[in-house]
Amino acid sequence: MGASGLSRKWAMGLAAPLFGLALAGTAVAGEPYDAIASGQMQKMIDAIISRYEDAGLSWNDAIVWDIGPFTTSYWYYDQYEYRIVVGAVPLPSEVADYWENWSEVLTDGQFDPDAFFISDEDALDLARFNQFILATHESAHAITYRYDSEHVARHDYEVNCREYYADRLTVAILDDAAKADSRIAAWRDRYLDLITAMGDTIPEQYRFHISSFKALDKNCALIHVAQPSPDSMQAYASAYFERQRALLSTPLPSFDTLAARLLFARQAERFAQLPPVPERAGLQIETLERVARFDIGSSFNDVADGFSADQAAGFAPDGSLFVLRVTRARDSDHVAVELARPGGPRAMLTEDFEWPRHDAFPELSSMAIANPGLIYLTFDEYPGRSSLFALEEQGGSWAFRQLAKYPGFGSARVMRKSDGSFLLALSDVSGDTADGPGKGWRVIPFTSGISPDSAYEDINVEIDDPIGADLQNRLYFDYLRTVLRIASASEIDTFLGTFLAGNRDGPVNSAELDWVLAMQPMADGSILLLDRDIADRDAYLIRRVAPLGQ
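Going by my numbering, the first residue of the sequence shown is number 12, and it counts up by one from there.
Take the hints with a grain of salt, since some may be wrong.
Restricting the straight-line Cα-Cα distance to at most 25 Å, the calculated cross-link-like pairs of lysine to any residue (SDA-like) are [as the list claims (entries may be wrong)]: (1) 225 to 246; (2) 416 to 381; (3) 416 to 468; (4) 54 to 272; (5) 416 to 357; (6) 190 to 200.
Here are the computed distance ranges between Cβ atoms for each label pair [said to hold, decoys possible]: (7) 268 to 194: 55 to 61 Å; (8) 464 to 412: 29 to 35 Å; (9) 516 to 229: 39 to 45 Å; (10) 120 to 283: 49 to 55 Å; (11) 517 to 403: 29 to 35 Å.
For the record, the hints were derived by calculation from the structure and aren't laboratory data. Cβ coordinates follow ideal geometry from the N, Cα and C atoms, glycine included.
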């Protein structure tokens, strides 16, 4: 089982039902059996991932499988770190210790392996089967969180409901495989005997009782199960065995049917609320380059260092990515500005600019590069105001020039459009001012000049900072693994992304995003993105959006 959504709840999985490999809804005899019989956890993992992908689901390639010793009893999926903790498959010489360990952890030693297993081969087969089941159960948590991140909140974070979501998928997969392979079917029957016997030996003070699948399906919270720890798994095990017994004793829909209803349908609901723009169908995303991660925004150093540093990133007209850094000594009105390529040396542009207002606390919020000698910057200041500056090269040196100040607007972003003009977006993030758009954005297009009388439009949508703008003065926002395009409160559409975290390239309808920090429309019609590398939190990716084949 996996960690919860809003509050971080760790999770573990016990013997979840077997994973059976299938292709597009038809289980393929031999493949799941071979993975189990191999006695190798990695082969089991490969088969598990293939099952989801063969069903048309998108597996998160960033997930790391952490394989511990065969005695590992606390299995879990960590949705924040994209990590699944599993145990190795025991060798034949380790099987006796394997079952003794489970007996002690789950039943206080009351389950007697010698009395249950009919032979050494029976004990080995079910040990391998059980490890495959465990890994499948955790993978079912991962795929459920991926497509339906709200499933835990939907049931008020009840542990039994969270586990039931994973159980339904894994049992359906098992049933499909059993129908296609009699050897899997025999293991399935024997496994039901095993969990019944183990459940019956759990001491009564830990026991739960579920009367039927119908009762469980009607109310997954019919029993209240506490989040377990490695030292308190008996009650959790009882609840698990009861759920599995109910599911394995009832004819269930196929895995593909459940995936359509429980996973694909949730993704479709999001697209129904935020429909994809029609023109995205002809676009593709391609990763161009990986760059070292750098901080964006305000990052205060230790008090002993005596200064703070803010950074913003932006693409130049030629597509080069630059990072602009503003440093300010504490209790000083002077700032220094440096410019660099990611991971490269910084060039000092100006090191002693005096901030024009002594009572303000400026924080660099965005940058837009007009040409090699002109950069526009925005600063957010406390309390509740922002400003637009030009940083210009004049005679071999750089100078600051304040273009406009905006009392009452606590947040500002400047963006370059594909034709080389610019858009300034302003918002009062607190929503307390009377002369701003409240919790929305005021957009002001400009070329080289801007004034308090410049024309503007208000986009009254409560959403955090925009990352880009287009020629129609629409704003673009990173949101739930997508890029939204917003023209007004009634015109909010999905421009990029699938609501699934990742960096998968390809046609936009299947290409994935993680966290887009910057978006730059280019003169040739393409778009550059700065996206977080989901598999390496110390790196960003420069990605390109362009028509298919371009």
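Which of the stated hints cannot be reconciled with the structure, identified by number in ascending sequence?
Result: hints 4, 5, 7, 8, 11 break, sorted rising.
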